[in-house]
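**Student:** Hints in hand, dock the two standalone chains.
If you're matching them up, the sequences are chains A and B in order.
For the first sequence, position 174 matches number 174 in the UniProt record's numbering, and the numbering has no gaps at all.
For the second sequence, position 194 matches number 194 in the UniProt record's numbering, and the numbering has no gaps at all.
Mixed in with the good hints, there may be bad ones.
With the Cβ distance kept under 10 angstroms, some of the chain A side facing chain B (calculated, not the full set) [to be verified]:
#1 G96
#2 Q111
#3 W170
#4 R171
#5 V174
#6 L182
#7 I183
#8 E189
#9 M190
#10 Y296
#11 H312
#12 L318
#13 G320
#14 E348
#15 D380
#16 R384
FYI, nobody ran anything at the bench for these hints, they're computed from the structure.
Note that beta-carbon positions come from the ideal geometry of N, C-alpha and C, so glycine has one too.
Residue strings, one per chain:
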Amino acid sequence: MIALNQLRHERLMELRVSGLCCGVYAKFMRPGSHFCPNSKSGSSISSSSVEVKPKIPLYLRPPSFSASLSELKKWHRWAKNLASSVGSSFVRLDNGPDSTLLRRELNWLLQDLLELQHHPVILSLLESDSNENVDTSVALKAPLEELYCAWRQRIEERRPFQYVVGCQHWRDLVLSVQEGVLIPRPETEMIIDIVERVALKTTPKLVHGLWADLGTGSGAIAIATARALATHAHAHAHAHGRVIATDLSPVAVAVAAFNVQRYGLQDMVEVRKGSWFEPLKDIQGKLAGVVSNPPYIASGDIPGLQAEVGQHEPKLALDGGITGTNDLLHLIDGAASMLKPGGFFAFETNGDKQCEFLLNYIENDKSGSFCNVHPVSDFDGIQRFVLGFRQRMV
Amino acid sequence: MATAAMGGGFVNVMKSVHHMLTSNGVGVLGKAVCASSSRYFHFYSVSLQSRGRGGGGGLQLFCCSRGGSGGCGDYSDGNTNGYLKLRDEELMKQCEMNTFKSSGPGGQHRNKRESAVRLKHLPTGIVAQAVEDRSQHMNRASALARLRTLIALKVRNPVHLHTYSPPLELLEILPPKSTIRGSDSRPQIGPNNPKFVLGMQALLDLIFAVEGSVSDAAKVLGMSTGALSRLILSDDSLRMAVNELRASKGMKPLK
Ligand SMILES: C[S@@+](CC[C@H](N)C(=O)[O-])C[C@H]1O[C@@H](n2cnc3c(N)ncnc32)[C@H](O)[C@@H]1O
Numbered sequence: 001m002i003a004l005n006q007l008r009h010e011r012l013m014e015l016r017v018s019g020l021c022c023g024v025y026a027k028f029m030r031p032g033s034h035f036c037p038n039s040k041s042g043s044s045i046s047s048s049s050v051e052v053k054p055k056i057p058l059y060l061r062p063p064s065f066s067a068s069l070s071e072l073k074k075w076h077r078w079a080k081n082l083a084s085s086v087g088s089s090f091v092r093l094d095n096g097p098d099s100t101l102l103r104r105e106l107n108w109l110l111q112d113l114l115e116l117q118h119h120p121v122i123l124s125l126l127e128s129d130s131n132e133n134v135d136t137s138v139a140l141k142a143p144l145e146e147l148y149c150a151w152r153q154r155i156e157e158r159r160p161f162q163y164v165v166g167c168q169h170w171r172d173l174v175l176s177v178q179e180g181v182l183i184p185r186p187e188t189e190m191i192i193d194i195v196e197r198v199a200l201k202t203t204p205k206l207v208h209g210l211w212a213d214l215g216t217g218s219g220a221i222a223i224a225t226a227r228a229l230a231t232h233a234h235a236h237a238h239a240h241g242r243v244i245a246t247d248l249s250p251v252a253v254a255v256a257a258f259n260v261q262r263y264g265l266q267d268m269v270e271v272r273k274g275s276w277f278e279p280l281k282d283i284q285g286k287l288a289g290v291v292s293n294p295p296y297i298a299s300g301d302i303p304g305l306q307a308e309v310g311q312h313e314p315k316l317a318l319d320g321g322i323t324g325t326n327d328l329l330h331l332i333d334g335a336a337s338m339l340k341p342g343g344f345f346a347f348e349t350n351g352d353k354q355c356e357f358l359l360n361y362i363e364n365d366k367s368g369s370f371c372n373v374h375p376v377s378d379f380d381g382i383q384r385f386v387l388g389f390r391q392r393m394v
Numbered sequence: 001m002a003t004a005a006m007g008g009g010f011v012n013v014m015k016s017v018h019h020m021l022t023s024n025g026v027g028v029l030g031k032a033v034c035a036s037s038s039r040y041f042h043f044y045s046v047s048l049q050s051r052g053r054g055g056g057g058g059l060q061l062f063c064c065s066r067g068g069s070g071g072c073g074d075y076s077d078g079n080t081n082g083y084l085k086l087r088d089e090e091l092m093k094q095c096e097m098n099t100f101k102s103s104g105p106g107g108q109h110r111n112k113r114e115s116a117v118r119l120k121h122l123p124t125g126i127v128a129q130a131v132e133d134r135s136q137h138m139n140r141a142s143a144l145a146r147l148r149t150l151i152a153l154k155v156r157n158p159v160h161l162h163t164y165s166p167p168l169e170l171l172e173i174l175p176p177k178s179t180i181r182g183s184d185s186r187p188q189i190g191p192n193n194p195k196f197v198l199g200m201q202a203l204l205d206l207i208f209a210v211e212g213s214v215s216d217a218a219k220v221l222g223m224s225t226g227a228l229s230r231l232i233l234s235d236d237s238l239r240m241a242v243n244e245l246r247a248s249k250g251m252k253p254l255k
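If we strip away everything but chain B, and leave its shape as in the complex, we get (with noise of 0.2 angstroms):
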């Protein structure tokens, strides 16, 4: 994990920015309140002196740990919801941020159009990356928002259908006039809104409890069949998501 070759250059691994400002050294770092459950996350920095700059120069590692249990890839948490809710600073903490390195001392020295971004998310291990924009810093906001899409494609929270009623969040995706928003009158998210992600997730999570039957997930939410599909194929990866769902359960896809 430390460094790997690729693209012709290097990828040095390290946490977020945040925890490069805060360290020095090895120990424990700082805390961070994780919002969706309110448990501290300790952050531990390992510093690897060594200057190499071959190998692709110093060496930065950073991982996070729950609850002081220590070491690394101690994830397991039945409530994921939580990781759309925070805010940008706190989920790219849960990440690890690579850059892609070309050998020599960069800076000054350096034009430098190389700016890509890799993102993964310790506590699932989803990558996002993003080279396309031109600079670092819009690289990274791009990751972020594919990471917050591939999250809500990827991680399911379980549903409880007999006491179900969906999160405001999902509401607000819904079209307007749905019954099960009553009187809530205000405009309804649309696939570029980032908000749209966290309606996205409940409503996939819902799909996956009713095992990918779209008239089912519709009959829940108090809506039609036709109105709930043309929600799920007015985005890209949604409609990707169910439709692999529902080949995985032998039904025919959306279309």
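Same shape as in the complex, but just chain A (with noise of 0.2 angstroms):
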């Protein structure tokens, strides 16, 4: 058992030294951030700052503020009608989220605004007619005036909701999100469903490899192998692999790495800078999976996205060229090389089309690299998956 923790722990020192000159390490930070910044601030950071300060999202903050409950009352009273004011405009406009959506959100803004204790009592307050305990002075974690501008930010701007509460619930993660970095999508929730429950259980070899993630974003999907990967060793009581994440966006490796740390998975997870497969050009051959969700929206679609996505979300995250298959087409290319035989990968594609279209692409010009490779649909029926496994050689 001593040795093979030992074994264990070389290895991650051997990743550790190679991982160096573009690895980054979670050392944080104070809270860089305002709630409300100025509009589109978050979008101008400089690629080149060698250190992007990752903002603190609302729930993480100290309750520091203060309102009295008539005030607060003024606010959700505003806030509401604004969000009922936008009817279905947007959604016909460019299906946009309606104002049941929004009222929807001006809760969970609540809810990660107030102390979670005392949040059921408030919100019935909140929702009373009655004119009792309205002195009383609740705890927020911003101050009221930068919920007005927050709030407006969300309609009047169209800012994703979850930049503006700093954190997007996924899985049963909650990860930290910001101008710059893609907000993780329900549907890419399924990918760890894949990874567990066709490569996991089938190949429990694959729990105690490595495995890339790439074009990580929040970190989204590598936090999430990484615990999934640490589950099943335990079940298995063995040691369980790694994970690494590779991003290109000095953004996203800042949130991804403050993210890891959120997790306690400074261990499992290591976030590299860099194009693609490049940052692992030391692991060629060697890994268990590879999974990812790169950019896949053709070039000619960005114009017409809806405003929160793409006005708002980074450009680099979406646009895969003329057809949106270019990084695509990188990945399954780079899979042939890097994973080892037996090696699994799962990757998402804008659905249907575009996954036929790869299907294609193994069967004719990768043939004899992959094996059991296939499609799965997402939850709304859409092919949104393309993934199988490196052939073993012969």
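**Tutor:** Put into structure tokens, the structure is as follows:
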């Protein structure tokens, strides 16, 4: 057992050293943020800056502000009315949110704004018409003025709700996000089910291998994969594997490292800055698994995206070139040499047609490289994922 | 059952994730042992490959049947006791999952907040849904927890009073002082514990067998009527189920 641990430790050291040139380790950091920045200042972060300071999401901030219940009630009524005034105009405009959704988001905003233990009481006070307790002081995690500004940004500028509160709930995780980092999507949650059910259950050896999440963004897939590896390793009573997460965006690298640290996974997930497989040259042909949700939208579709996405999320995270397949093709090519024989890959795609195109590409242009290749549909029945294993040597 | 207009979007019907992952085309996909009866369920998948986006997109439809008898809807089985003893994953396999679909390609294209999940438990037809959580995953977990409560409330197992001895899961929700628990000194499981629903189902089975009489049920359990009433009143859904039964028998509600 000791020997095993030592071995693992040495391997870790080795990886660390090899990652030094571009590896980023979580070393954090004062809250660098304001809840309500001047509009769009977030996206102006220069890509040359060496160290990006991740913003602290609202729910993690101390409740160092306060307002009287009546002031909070007034804001809440105003915010609800603003949400209602939207009706279904955004839906018609660009398939954006309707007022029902916006009001649900308002409830989530309150969830993050208030102290957990007071949340239910205050919520019922906010909804009641009575004038009791109006002078009670309520502890808040942001000042009231910022709340007016934040909700106006949400509705008038269509700033994504997740950037407003600085987090996205994804699977059982709460991940920090901010301008410059893609907000992880519900569809992508399924990649983890795929990893667990297709790879780890059928090929337990993969549990203690080395995995890569390419284009990690907030670190969502890498963190959830690491947790899955740990759970499955525990079940089989052997050492768990590790995940290397890469991204070209310095903001993504910083935010991913922050999230990794939040979940105490520094020993399991290493974040490296660089393009796709480039930061992984030291482990060519050694990967047990590669997972990725690369940019896959066709360049021509970018201008038509709903405002929350097209005007606020990073283009680097969305634009997959003329047909949207630039990065996916690159990843498939890379997987053929980076994976070890029997290694597993799963990629998210734009769905259906693009998925079929990639399946054909693998069959015709990569014949002999992979086996058990097939598509998997997402919750909406769209063929969303392509997955398979690297062919074992004969 | 294929697609239905709902809340402005579309609802796609498909069986649980597990099947989608093991499925590809039409045919027998796999077997899963049903823990309670150790019988096999066979899963069939029908993939309708038409891809009309407007109509809600590619549809996958899964159904399951027992022992190769074929076809959907063959769920008549006296022993229904097992559902709540299934692990989440196994119970999920008996469910059809609907998500609220808005038109369009999804994925990176959308800032999508509509992660509502609706589960239909095929053997019983019971439906549970969750919309208020912030991730698809958590909505699925909430819907599943809700489904367990509904199964406990709605699925009745026969009880033979003269040979009756209360099952362990019922003992666990009784107050620790109850004589019937004997020297068992484990703490009482309360309504917030996920295991409470198992005991609740067993308690309702008994109360139905004695036709709603709390004092008769208390006698069988060797506890005072007051103590049993307190237990019933400690959980809203349990209280409502008991009172509904009592109302149907012309009895006064417990308060
Ligand atoms: C669609 S986002 C996915 C983010 C995250 N994996 C998720 O699912 O939420 C694509 C990610 O790829 C990154 N990316 C784009 N080009 C890249 C490149 N050449 N090398 C590495 N990462 C890249 C973007 O910065 C972005 O974080």
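**Student:** Need the list of violated hint numbers for this structure, in ascending order.
**Tutor:** The structure conflicts with no hint, since it agrees with every one listed earlier.
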